[in-house]
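Asker: So the chains spell out like this:
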Amino acid sequence: MIKDFEYLAPKTLKDALTLLDKYKDEDHKVIAGGQSLLVLMRQGLVAPQYLIDIKGISELSYIKSDAKEGLKIGALTTHRAVEKSPVMKNGYSVLSEMEKRLASVQTRNWGTIGGNICHGDPAGDPAPVLIALNATLKVAGLKAERTVPAEDFTLDYFETALEPGELLVEIQVPSPRPRTGTAYSKFNIIESDMATVSAAVSVTLKSDNKTCDDVRIVLGAAAPTPRRAKKAEAVLRGKEVTDSLLKEAGNVASTEAEPLSDIAASAEYRQELVKVMVARIGREALARAKKA
Amino acid sequence: MSYHCPACNKVSHSSLDLARHMIGRGDKVHRDWIYSKGFKYSELLRLQIQSFGGEGFKALSDVLEAETKVED
Amino acid sequence: MSKYSVIGTRVHRVDGVEKVTGTAKYTFDMVLPNMLYGKILRSPHPHAKILSIDTSKAEKLIGVKAVVTGKDTIGKKQGIWRRFPELCDEEILCREKVRYIGDAVAAVAAIDEDTAEEALDLIEVDYEPLPAVFNPMEAITEEAPQIHEGVELNININRHLEWGNVDDAWKDCDHIIEEQYVCSSQAHVCMETHDALASFDHNGKLTIWTSTQAAYYIQVLAADMLGIREGDVRCINPYTGGGFGSKFELDSAQFCAALLSQKIRRPVKIVLNREEEFTATKRRTPMYYFVKLGAKKDGTMLAKEVRVITEGGAYTAMGATALYLTGFFSSFPYKYPNYRYDGYRAYTNTAPTSAMRGFGAPQSTFVGESMIDNLAEDLGIDPIEIRRKNGMTPNYVVPGQAWIQSCGLHECLDAIEKHVKERGKLPPNRGIGVSAYGFMSGGIFNWFDTPYAFSSAIVRINIDGKVDLFTGANEIGQGSNTTLSMICAEALGVKLDDIRIHSADTGICPPDLGAWGSRETLMNGNAVKRAAEDAKNQLIEFAAAKMGINIVYDMDIKDGWIHLVDRPERGVSYYDIVKDAIRGKDGEAIIGRGHYTPHRKGMISPAYSFGVQAAEVEVDPETGRYKLVNVTTAHESGTVINPVGIEGQLEGAIMMAGGYGFCEDQPMDEGKILNPSIADYKLIRALDMPETEILEIDTYEPEGPFGAKEAGEGLTNPTAGAIGNAVYKAAGVRIRHLPITPEKVFRALEAKKKQEK
Amino acid sequence: MKHELKFTLNGQPYEIYIKPKTLLVEVLRDELGFTGTKRGCSSSSCGACTVMLNGASVKSCSILALQANGAEVVTVEGLAKGAELHPLQKAFLDHGAFQCGFCTAGMLMSARGLFEENATPDVMTIKEAIDGNICRCTGYNSIVRALTAVSKGEYKEES
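Protein chains in written order, with the numbering used here: chain A, 1 to 292; chain B, 1 to 72; chain C, 1 to 757; chain D, 1 to 159.
Each hint should be verified, as a subset may be incorrect.
Beta-carbon label-pair distances, calculated as ranges [what the hints assert, rightly or not]:
#	chain 1	residue 1	chain 2	residue 2	range
1	B	Ala66	C	Glu128	39 to 49 Å
2	A	Glu6	C	Glu128	39 to 49 Å
3	C	Asp497	A	Leu40	19 to 29 Å
The list that follows gives simulated cross-link-like pairs (lysine-lysine, BS3-like), each with its CA atoms no further than 30 Å apart [to be verified]:
#	chain 1	residue 1	chain 2	residue 2
4	D	Lys156	C	Lys425
5	D	Lys156	C	Lys495
6	C	Lys57	D	Lys2
7	C	Lys292	C	Lys754
8	C	Lys25	D	Lys156
9	D	Lys6	A	Lys22
10	B	Lys28	C	Lys744
11	C	Lys421	C	Lys335
12	A	Lys206	A	Lys230
13	A	Lys3	D	Lys21
14	C	Lys292	B	Lys40
15	C	Lys297	C	Lys171
16	C	Lys49	C	Lys60
17	D	Lys21	C	Lys57
18	B	Lys58	C	Lys60
19	C	Lys25	D	Lys6
20	D	Lys156	A	Lys22
21	C	Lys466	D	Lys152
22	A	Lys14	A	Lys72
23	D	Lys19	C	Lys57
24	C	Lys65	D	Lys6
25	A	Lys11	D	Lys21
26	A	Lys11	D	Lys2
27	D	Lys152	A	Lys89
28	A	Lys100	C	Lys744
29	D	Lys152	A	Lys100
30	C	Lys57	A	Lys3
31	B	Lys10	C	Lys171
32	C	Lys297	C	Lys205
33	A	Lys3	D	Lys6
34	A	Lys89	A	Lys210
35	D	Lys152	A	Lys14
36	C	Lys672	A	Lys3
37	C	Lys25	A	Lys247
38	A	Lys100	C	Lys627
39	D	Lys81	C	Lys25
40	C	Lys744	A	Lys247
Simulated from the structure, these hints should not be mistaken for lab results.
Where is the CB? At the ideal position from N, CA and C, for every residue including glycine.
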């Protein structure tokens, strides 16, 4: 049963921030698409006194891209809009691929990419990809704006860097460097399910098109937060990327994972999956980098 | 030759069949008779559960062979 | 051309338009004036004494109209195995003790659901927790707490089946294997959760609308538990959103709604939420299998001995039948000359386990078909060949148990062999596993102890020739309303559109034991056919008289034309004769009656269906993840009455049984089910569904209506075994514990690698 | 406190007052009596409650009704035109794409959403479109066959 709450539905960002500021010390929650929040509210796990509904703020729903500024996605853009946007073809197709595997069409039609990130679920799909893409999140408060690197945004299970009174307003993805390839995949048993383990890998090659100039390896559902496997990245950086090196990176990434055991898989199995996923997705990212 | 259940009079063709019936039925009247012969019902079940071969039935049937046979 | 006009044709379901337009009314949709909403308070403890229940605060909450606890009941224990009172062990509203997490202790009726739910929080129950036991293998030890008084080792039922001489036969075997398997639980996950709307009037008469597979059982059991007469209860099953075995026992929604309504004399509706559906309704019976199987070198199987311990959960429910059927179907579909089965059902402090589609046979088929593949491999025999060598044939008698008349198993084996060959050489990491199965067409054993015929039907022909068919059969989605209407139309010789079916309303329909055990097509179909023929004969009498037909001629009705069988052009319109016949009967409508109860068919079932399934999987050797690529089934179910219906039953069974093999499970911690939501309970969805093919094999069952037999549950039997065998072929690992999850495959692959080193 | 909700349902404008916690599915079923839309879970995972909202399929159990303020909602009751069934409904009937019928409204609305976007979807796209809908009876393949037939133009809407 959902407990009664007071409902506030600002229509502009300014109104929303004003309300958030007003209620920041009260028991409140922000709802966007609500695809995760309403489930928690029905279970009685979340029962705010004030619910601030930002879904209707149309100014936060957009996708823009140019070569200099990179890609900018308004926080209230639906998953489906990201998935279907032709803009993604300009070097961000991994975002579209990721969205295509996120839950169901109905959920993607209503749920927002910003809402997903702010939910802070370590098994969420967008965060690992955004971290791999070196994205920045723009956060607004009534008085100030700030940016947070995507990789610093999630602090713990379902806990983010948002301060009371703040809203995530925009996702900024830099234009991909030349010779960069990014790939994402998740392991699960039912195709559209949450990830048992996921991984996103972004590889940038040097001008020889062989040597790894830079790499970002991000693990999902393998720790309390989506997490970069930095030791594994170090295995690849500056080296010619081969299958065996990718395998080694996978093995190292596995030591960086801190998964839990749950009904979907044991921690040990998740660690084994990390090995395989990192190597495979790394291979795909590499292939894309060579073509890019 | 037949074997008559001492608890409910059901007629079986062998003492083994009758043992199966009695353990299978397993209600109070059947168990009471089993107890009266010095068996523990649970012990017979345990014999059954632990191995192939129906050892619990066999144990009870030895007694039934002697006590319930009726020459037709 | 088919000799039938209606049977075997592709028709729209008779409930189709209502269902695609959203106008079909389910109990879930019903609202009555002055109706209250009920909610049920459930035990958070797996095993505890109830010291006291204080409902006073809840009663004072504004909007609460009635609260009931075990004290408001007549104190009876209920069970569906009425023939054996000791198996009637469930109070529904517990008075002294709770035995699983989810056992009901109180219920509230209020003006809306929120108020009722709020009231539950205000009921204070003082429990004294008791030691609990969750695993049946632990429950059957001396140390385990006793869950029901006087039930030693917690074993409440044991079952024995035997023929031949197993002990002697081992000596003649060239090869004997012994293996252990664990078959997991499974949730039915009906899309419509259990629900009921009960309305007591001031005359003490109860009408209960409910989502059920057996309106008649609910009528009888509800009356019994409320201390009123059967005739004072009318149970109506409007449309039902799936049953799969979960909806033919009296459940907490029905009983609590009725009890609340009895107290307050207002309609009370209770809908279980999805979490309750997972935790507080019954589920598939988990089983621990110990099997010994022996054969000659040439693959002739001489003896099988099976020992099974089942996790019963807190109450008996239909578990007695599952225990019996898993034993019987462990011998299927083979001719074991020597066979012994001993099954034990252990009470545990977990949600009760009971009937679910296949009813013990999916478990036995998984175990049996895994082992027969192992045996074949040991003996160097092709898996299909060993099944052919031992498979049942028409007119086979299972010693002392059953007489199988029609049987198309060998034709199914041929068809699957051809299919496997056609798939050709498979790419790496792919494998095809086969699995053979059989199932019954309704049960014979009268454990419910009913004096009524198992199925009955009444046909009433109205003045315009339109037909009202009254039957106690329950439409739960399986299509019985369509199939029975088709049988009625064919037997009477009219159009399908002429039939209007009225089913599963105990106030107006003759009793039927309900939609379980794959019984409606054969049993109710026979009753309908006989009722239609009864009515038809009455019309033919009038027609013969009117036409002045020489009595040596046979007459029949087909496509609305009453005619001479040998000279079809000589006849009269059915629609015209109906009017005359009714006039001739002094205005009484034409009424045909039919009933069916199986006789001289053994203990189990009047008929059996058979089939063979091939599952193809592709295994990822690095992760153990595998995909179901293709599932092809050769299947025989006698005459196909409703081909669209059979396709649906078959493909749906693959979703459900594939899930049983692949992903569906109910992990628990101290008796608490850990995944009580559709988000966490993994179900096969559209993208996961393999391609499916059906190879329909023609047979004719003499006992069935127009030669038909079951096509419902049997299809659930083979899939887990076929998947297990396919995984073995693809990856070389044998998983003996359902479900066959990727993680289990991965671990087995790791173990195999270690061993090979 | 109750809030005003104005929206259009199957072409008919409605103005009602509801508690803010009311879900869209509750407005449809309980407030307005459109019970064709079902509920099968409370975790946003079964799809039985799928409706069209501003031209896209959504799960009405996971949307606050007030979020549909000003929106156009279409439910299964809005598919047929009087006695004339919608092509999707005809295809479902012909292909036996349902059994118990409890998931059918949701399936139809997911399909409707699909065809709004894409008049000729391929099999994978069809499967993806209904992947958010659980059907415990059919095994989905008959639904896929029905929708494939629609995609091939076998069921044209009569003008």
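Asker: So, for every hint listed, does it hold in this structure?
Answerer: Results for each hint:
no.	hint	result
1	B/Ala66 / C/Glu128: 39 to 49 Å	47 Å, holds
2	A/Glu6 / C/Glu128: 39 to 49 Å	42 Å, holds
3	C/Asp497 / A/Leu40: 19 to 29 Å	51 Å, violated
4	D/Lys156 / C/Lys425	42 Å, violated
5	D/Lys156 / C/Lys495	28 Å, holds
6	C/Lys57 / D/Lys2	28 Å, holds
7	C/Lys292 / C/Lys754	28 Å, holds
8	C/Lys25 / D/Lys156	28 Å, holds
9	D/Lys6 / A/Lys22	28 Å, holds
10	B/Lys28 / C/Lys744	44 Å, violated
11	C/Lys421 / C/Lys335	26 Å, holds
12	A/Lys206 / A/Lys230	19 Å, holds
13	A/Lys3 / D/Lys21	7 Å, holds
14	C/Lys292 / B/Lys40	27 Å, holds
15	C/Lys297 / C/Lys171	13 Å, holds
16	C/Lys49 / C/Lys60	26 Å, holds
17	D/Lys21 / C/Lys57	26 Å, holds
18	B/Lys58 / C/Lys60	62 Å, violated
19	C/Lys25 / D/Lys6	27 Å, holds
20	D/Lys156 / A/Lys22	55 Å, violated
21	C/Lys466 / D/Lys152	38 Å, violated
22	A/Lys14 / A/Lys72	20 Å, holds
23	D/Lys19 / C/Lys57	26 Å, holds
24	C/Lys65 / D/Lys6	34 Å, violated
25	A/Lys11 / D/Lys21	19 Å, holds
26	A/Lys11 / D/Lys2	19 Å, holds
27	D/Lys152 / A/Lys89	29 Å, holds
28	A/Lys100 / C/Lys744	28 Å, holds
29	D/Lys152 / A/Lys100	24 Å, holds
30	C/Lys57 / A/Lys3	20 Å, holds
31	B/Lys10 / C/Lys171	33 Å, violated
32	C/Lys297 / C/Lys205	67 Å, violated
33	A/Lys3 / D/Lys6	23 Å, holds
34	A/Lys89 / A/Lys210	24 Å, holds
35	D/Lys152 / A/Lys14	49 Å, violated
36	C/Lys672 / A/Lys3	25 Å, holds
37	C/Lys25 / A/Lys247	57 Å, violated
38	A/Lys100 / C/Lys627	20 Å, holds
39	D/Lys81 / C/Lys25	20 Å, holds
40	C/Lys744 / A/Lys247	23 Å, holds
Going through the hint list in order, the structure does not satisfy hints 3, 4, 10, 18, 20, 21, 24, 31, 32, 35, 37.
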